[in-house]
Amino acid sequence: MDHDAGPVVRPYAMTGGRVVPSGTGIDLVAFVVSTMPDAGSGPHMHPEHHAIVAASWEPISVVELAAKLDLSAGVVRVLLGDLRSAGLISLYEPPAATQPHDVDVLKAVVDGLRAL
Amino acid sequence: MASERSDRIPVALKILIAGGFGAGKTTMVGSVSEIRPLQTEEVLTGVDGADDTDGVEEKRTTTVTMDFGRITITDDLQLYLFGTPGQDRFWYLWDELSHGALGAVVLADTRRLADCFPSIDYFEQRGTPFVVAVNCFDTDKRFTTDAVARALDLDPGVPVVLFDAREPVAARNVLIELVEYVARRQLTTAGR
Numbered sequence: 001m002d003h004d005a006g007p008v009v010r011p012y013a014m015t016g017g018r019v020v021p022s023g024t025g026i027d028l029v030a031f032v033v034s035t036m037p038d039a040g041s042g043p044h045m046h047p048e049h050h051a052i053v054a055a056s057w058e059p060i061s062v063v064e065l066a067a068k069l070d071l072s073a074g075v076v077r078v079l080l081g082d083l084r085s086a087g088l089i090s091l092y093e094p095p096a097a098t099q100p101h102d103v104d105v106l107k108a109v110v111d112g113l114r115a116l
Numbered sequence: 001m002a003s004e005r006s007d008r009i010p011v012a013l014k015i016l017i018a019g020g021f022g023a024g025k026t027t028m029v030g031s032v033s034e035i036r037p038l039q040t041e042e043v044l045t046g047v048d049g050a051d052d053t054d055g056v057e058e059k060r061t062t063t064v065t066m067d068f069g070r071i072t073i074t075d076d077l078q079l080y081l082f083g084t085p086g087q088d089r090f091w092y093l094w095d096e097l098s099h100g101a102l103g104a105v106v107l108a109d110t111r112r113l114a115d116c117f118p119s120i121d122y123f124e125q126r127g128t129p130f131v132v133a134v135n136c137f138d139t140d141k142r143f144t145t146d147a148v149a150r151a152l153d154l155d156p157g158v159p160v161v162l163f164d165a166r167e168p169v170a171a172r173n174v175l176i177e178l179v180e181y182v183a184r185r186q187l188t189t190a191g192r
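Protein chains in written order, with the numbering used here: chain A, 1 to 116; chain H, 1 to 192.
There's no promise every hint is true.
[Stated by the list, open to error] Pair ranges (Cβ atoms, derived): (1) H:A151 to A:K68: 36 to 44 Å; (2) H:E167 to A:D102: 25 to 33 Å; (3) A:A54 to H:R142: 47 to 55 Å.
[As the list claims (entries may be wrong)] Covered by chain H, per the in silico footprint, the following chain A stretches (three or more residues, Cβ under 8 Å): (4) 56-69; (5) 84-95.
Quick caveat, the hints were computed from the structure, so don't treat them as lab data.
Yeah, the Cβ is synthetic: ideal placement off N, Cα and C, and Gly gets one too.
Sequences are here, hints too, so could you generate the full structure?
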């Protein structure tokens with residue numbers, strides 16, 4: 001494979017050209033957990049949908065999922081939107097995205113960093 | 001086995017590592033991350049390149065690579081470090097990255113101090129707390145933190161630290177400096 005030539009399949013082909021996931025936005029550090037061990041065989045299931053369901057049996061962040069499956073973050077989010085609509089995954093958005101950071105949490109971070 | 005999986009969802013906090021090209025963003029992410037630094041690509045469409053002045057031709061799609069790393073603080077708390085894509089025209093990607101971010105580290109290279117001006121402007125405008133970390137590649141041309149703060153025209157209180165991005169302990173101390181600064185700001189705001 002000639003990696004310099006870029007992907008053989010255009011990256012958004014597997015999302016049917018969609019660049020925005022259905023439903024609400026998905027943060028890069030949101031956590032994904034699949035609701036069942038495999039995605040089953042739906043009419044709109046791509047191999048990548050199956051790969052995501054399999055890889056998110058244990059909670060995994062969106063960005064790590066993208067890196068693990070070697071997909072772009074944008075593509076993963078579109079596919080996650082599909083899986084969320086199908087009820088195959090749960091998404092947990094980081095609370096920090098909507099509220100100020102709790103000082104106790106910040107203290108825990110500093111203590112944790114010092115202990116490294 | 002299905003019954004054995006962890007049902008704990010950690011809280012993830014984002015810290016951005018910004019600065020000019022070659023300032024040490026990837027190095028810093030790598031030196032503090034507990035996982036091998038990973039990359040993800042973001043495929044951007046509709047980049048018109050209209051504000052480019054360097055002769056780069058227009059593109060319909062562009063792929064940018066983001067470096068990221070992770071530090072587990074506790075079972076329930078994780079820090080994610082994101083190296084911001086370096087070129088100005090990808091800044092709208094930063095908007096998403098900075099949404100809900102704890103804060104940012106702006107890496108400065110004293111040989112090219114002006115390279116970090118855009119990062120500083122960006123975080124000042126967004127109200128994202130940041131510290132300036134001067135990556136000292138060599139010890140010959142040490143600047144004082146005061147001189148750097150003056151040269152960058154920083155608001156009073158914005159921490160400036162000198163460090164070596166290759167040193168895990170030094171890089172970790174920069175993160176501690178940032179989080180303590182965020183906590184101080186939080187307390188000041190809450191006390192108003």
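- Task: If any of the earlier hints don't hold here, list their numbers in rising order.
- Result: Per hint list: zero violations.
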